[in-house]
Structures are given as C-alpha cells and as structure tokens.
Amino acid sequence: MTINEIQDEIITEFSLLDGDMEMTVFYIMELGQKLPVMSDDDKTEENIVKGCQSKVWLTAGMEGDKIHFTADSNTAITKGLVSLLIRIFNGQSPESILGSDLYFMHKIGMERFIGTQRSNGFAAMIKQMKLYALAFKTKLGVKL
Amino acid sequence: MTTQGILSGIDVENIRKQFPVLHQQVNGRDLVYFDNAATSQKPLTVLNALDEYYKGYNANIHRGIHTLAEKATRAYEVTRLTAKNFINARSVQEIIFTRGVTEGINLIAASYGRTFLKEGDEIIISGLEHHSNIVPWQFVRDEKKAKLKIIPVSDNGELDIEKYKELLNDRTRIVSVNHASNSLGTINPIKEIIQLAHEVGAVVVIDGAQAGPHLTIDVQDLDCDFYVVSSHKMYGPTGTGFLYGKKELLEEMPPYHGGGEMIKEVTFEKTTYNDLPYKFEAGTPNIGDVVAFKYAMDFIQSLGRESVAAHEHDLLTYATSRIGALKGVKLVGTASEKVSVLSFTIDGIHPFDIGQMLDARGIAVRTGHHCTQPLMDRFGIEGTVRASFAVYNTRKEVDQLVEGLERVINFLK
Chain A
1 MTINEIQDEI ITEFSLLDGD MEMTVFYIME LGQKLPVMSD DDKTEENIVK GCQSKVWLTA
61 GMEGDKIHFT ADSNTAITKG LVSLLIRIFN GQSPESILGS DLYFMHKIGM ERFIGTQRSN
121 GFAAMIKQMK LYALAFKTKL GVKL
Chain B
1 MTTQGILSGI DVENIRKQFP VLHQQVNGRD LVYFDNAATS QKPLTVLNAL DEYYKGYNAN
61 IHRGIHTLAE KATRAYEVTR LTAKNFINAR SVQEIIFTRG VTEGINLIAA SYGRTFLKEG
121 DEIIISGLEH HSNIVPWQFV RDEKKAKLKI IPVSDNGELD IEKYKELLND RTRIVSVNHA
181 SNSLGTINPI KEIIQLAHEV GAVVVIDGAQ AGPHLTIDVQ DLDCDFYVVS SHKMYGPTGT
241 GFLYGKKELL EEMPPYHGGG EMIKEVTFEK TTYNDLPYKF EAGTPNIGDV VAFKYAMDFI
301 QSLGRESVAA HEHDLLTYAT SRIGALKGVK LVGTASEKVS VLSFTIDGIH PFDIGQMLDA
361 RGIAVRTGHH CTQPLMDRFG IEGTVRASFA VYNTRKEVDQ LVEGLERVIN FLK
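So the protein lines, in turn, are chains A and B. Numbering of the first sequence is given in our numbering, commencing with residue 1 and proceeding in unit increments. Numbering of the second sequence is given in our numbering, commencing with residue 1 and proceeding in unit increments.
Hints may be right or wrong, so weigh each one.
Sample of chain A residues at the chain B side, in silico, Cβ under 8 Å [to be verified]:
| hint | residue |
| --- | --- |
| 1 | M21 |
| 2 | E22 |
| 3 | V25 |
| 4 | F26 |
| 5 | S54 |
| 6 | N74 |
| 7 | T75 |
| 8 | A76 |
| 9 | I77 |
In case anyone wonders, no lab produced these hints; they're calculated from the structure. Glycine included, C-beta positions come from ideal geometry on N, C-alpha and C.
Using the sequences and the hints, build the whole thing.
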C-alpha cells in the first residue's frame, strides 16, 4: 500500500469512533499495545527522540530498498501515536517518506487529543523519521 | 445543602454558581476541575471587578491628579490594605505587590541575599520545595560563594526537623521553606522552623503559594521575616501576588528593579529612592489584576477560612480513602497535616496516560513532576498524578475521578 492509502485507511478507522474522546484515546492505546516489541538493547540514550515530553526510542534499518522502523515509548498514548507513523512509513522507500504529506493528522483531528506539548513531540518524531529516510537515500545514492 | 456542607457550613452549590467556568462540558462530560494547586478558578466578584476597572476607571496610579487616576489609585491601595489584614501584617508598608510567588522569592534572593550574604554563609531550603524556591537561591549561592543546604524529607513526605536542627549554625543566614507543599500537600511546622532559625540569627522566607487559598496566615504570630503568595492560586487573577516583609528588613534592602514609581528624586548623578512599599514597585504595576485581587481575598474571608479548610479536608479524606483503595495505587505524601492535595502513582501506568485518559472524561488533574524534580528524585519516581481540591469541589466529583481511574486501571492492567 502507498503512504496515502494507509493514511486513508487510518482516517476511516478513526471516523468510526465518532469523535468520542475516551474511545479515541483507548483506541490509540490499543494500537500501541499491538506495536512489535522493541529490544531493550535498542532503548539507548542515543535512540531517544529529542523534543518529546514522553520518552520515545526510534531505530531504523533498510530491508532491500525499503525502510523499516522500530519504536517504543514509556507512555501508552505516545506509543499508540508512534505506531500510526510506523504503520504509514514501514516498508516505504526513502523517497516516498521524504515526499510524504501527513494529512491524516488533521483529518483525524489529532490536535484535539494531543496538546501543544505532545504535538511538538509528534513533529519531532516525524522529523527524526524523515532524517533517517534522508540518510538512507544518500547511502543508496552512493551505492548506485 | 449537602451532608458535607452541613459539617463545614459551606454551601457548595451556591458557591459553584459564582464560578461560571465550572459550568461547561469537556469532551462531552461535565467538567471536573481538580487542578487547583496549579491555579484556581475565579468567582464572579473577581471577574466583575476586572471588567469594572477596565470599563470604568482604568488609569495609571499614584502620579495622576485626575479623577480616574485617583479612583484607580484608591482601589489599588485598598487591595494593599486587604492584603495586610489577610495575613495580619503590622502595616501596609510591609506589603509589596509582585507578579506572584516566583517574583517574590527572586526579589528577596536578589535584594536581601546579594546585599547581606558573604562567602561561606549558608542558606537552608527543604527537599519539598518548588523550583521557584530553589533556583533563585542557587543564583545567589553561586554569586556570593555561599552554601545551600537541604532539609531532608521523610518517607511520608514530612520534613525531618531533627536533621534541620543539625543544619542550623552560626553561618545560617536565610531559611526558605514552603508553608505547604505543592506536590504532596504536606503542611510544614513553619512556626517551629522560624523559631529555630531565629535562634541562630537567620531570616526566614515562607513560600505561601499553597497556603494562601487554604490556611489562616498570621505573619505576626508566625514571626516570619518574609511571606509570599500568588493571587491566581487564591481565586484571584494571574500575574499578581504580594510579598510581605518586616518593615525594618525591607528598609535595609536595596531596590530590586529601577524605574518609575520607585524613586524620590533622579538626577544623572544620583537617585534617591521612594519610601516603602513603592521602593520595590518600579514601573506601572499590574493595576487591574491587583484591584480585582481584593475581591478574591474577600471571597475567602467571606466563607471563613476554617470553614473552607474543613470542607477541603473532608474532600481530601474522602478522596484519599477511595483512591487509596484502588488496585495498584500508591499514595505519595501521607503527612499527618495536609492541604487538599492528593498525589499518587498507579503501578505500570505512566502519569501522562492517566492524565490524558481522565481528560477524555472531562476531568482535569496535573501530571508530572509539578516543578519539584528533586522531590520526585527523592521518591525515585518521574512524577505523579495530582488531584487538588478547592472550596467549589464536591464529593460527587471525587466519585467521577474514582470512576475514571477505575476505567484506566481496568483498561491498562
């Protein structure tokens, strides 16, 4: 699936929650619980995403020409939010990640359920993922 | 009147009518506001006073001779008189308006501390302090090469007075502690702390941020040298508060800020300063908020501070027993004397998640370190969930909080 197809899928899922804040928060945490486990060895200081109020660890690797992220957080809601980004970006090429427009955030009304602090953290997370994409793109370019 | 109301003499339903902000829905449910230790809501009398000031007599104070300036000046000074009576100071000259507790402590540290501290002198604070009663002392400690000593905190969140006695010596110049802890609610035995400090000749600063809305304050009986409060935690506007200081100390202290209002005469060679309290009130002050602050103090006085304390104590006791009984809950701070602050953690669930899940049900609590990181380190935790109660809160709201917490625990267990 393309990045936009996955975003559209997420938008549909959230629309079923009908704007109920409690259900939305519970749903986000459920998504977080389904995130593949990150090895404790990866939860290092240098893998912490700077700018998040909660602790978020993020690593990235290449599988063929596609990027694969793993992540975890010490708070359930942040973990759920990270899981959305991972679902969108995993298995995509560096170019498509770099060129992506994450319109799902606005469409699911994310600003309603993450405050100013968290949205800065969320932006920091996206920036970090795009930085990884840029690094891998450069690396691939060198190989070619 | 509810049962609790009969016990304390507080008519909560009637009080709630005076707080428009409480009557709203948040995320589809009736708002439950339990973040009062951060800031309290404002009654109509305060809101009306602000409105009337800006609509009726906004003017710069003290220097104008026109009618509006005179009216504004009088209202501003009436608040000073109200503040003097609120804490039983000897004179209005002992009341300096500030932006709040943070500015009050910074003023004392910068003016008194920089003037009177010498190398090797000692400042004592406690392990319960808010960052605003830590950082200003670190500034002056570093500048004057002084020492900063800390009164330790026991497992139940009380200050270790025996250790405090050991910290005191003839180099102790300043002791600065809170009257009540913002994170844990502990009411400190400040009268004893003050007396012990005076025995070694130290001056005592009391951070009254959390005591202002809850406790009776009598600075003459306490014999403290400085006492600071914030209006916004006492049902008043944000951005103001006052510092009480013993007149003889304030007179010895140099001004904190320079500018208009605080001067007697200025030439390019030399400036002489105005009398107290104006020496410490440089520039145009926060007139409107100071004017309205009077009505916040009147609100507390009209209810009776004993009645307010009794009502809040009832809420605290009720919430402590109900929340303390929930699975996985650990209460943080179980001092025998507390203001209405209940701090806790839940095993395996991050405070941020609890806060956000409660917000989804319209319940406002505080989560995190509450600007007391050293205290959180003392307990080996990152933060807590803090519910803090005001006079307009009810047992029914506590029940809503308990229900919300039960859902959180069941979902994330």
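Against the structure, the hints:
1. M21: Holds. Min distance 4 Å.
2. E22: Given a least distance of 4 Å, the restraint on E22(A) holds.
3. V25: Status holds, d = 5 Å.
4. F26: It holds, given that the least Cβ distance between F26(A) and chain B is near 6 Å, below 8 Å.
5. S54: holds, 6 Å
6. N74: N74(A) check passes; min Cβ-Cβ to chain B is 6 Å, inside 8 Å.
7. T75: holds, 4 Å
8. A76: holds, 5 Å
9. I77: holds, 5 Å
Of the hints listed earlier, there is not a single one the structure fails to meet.
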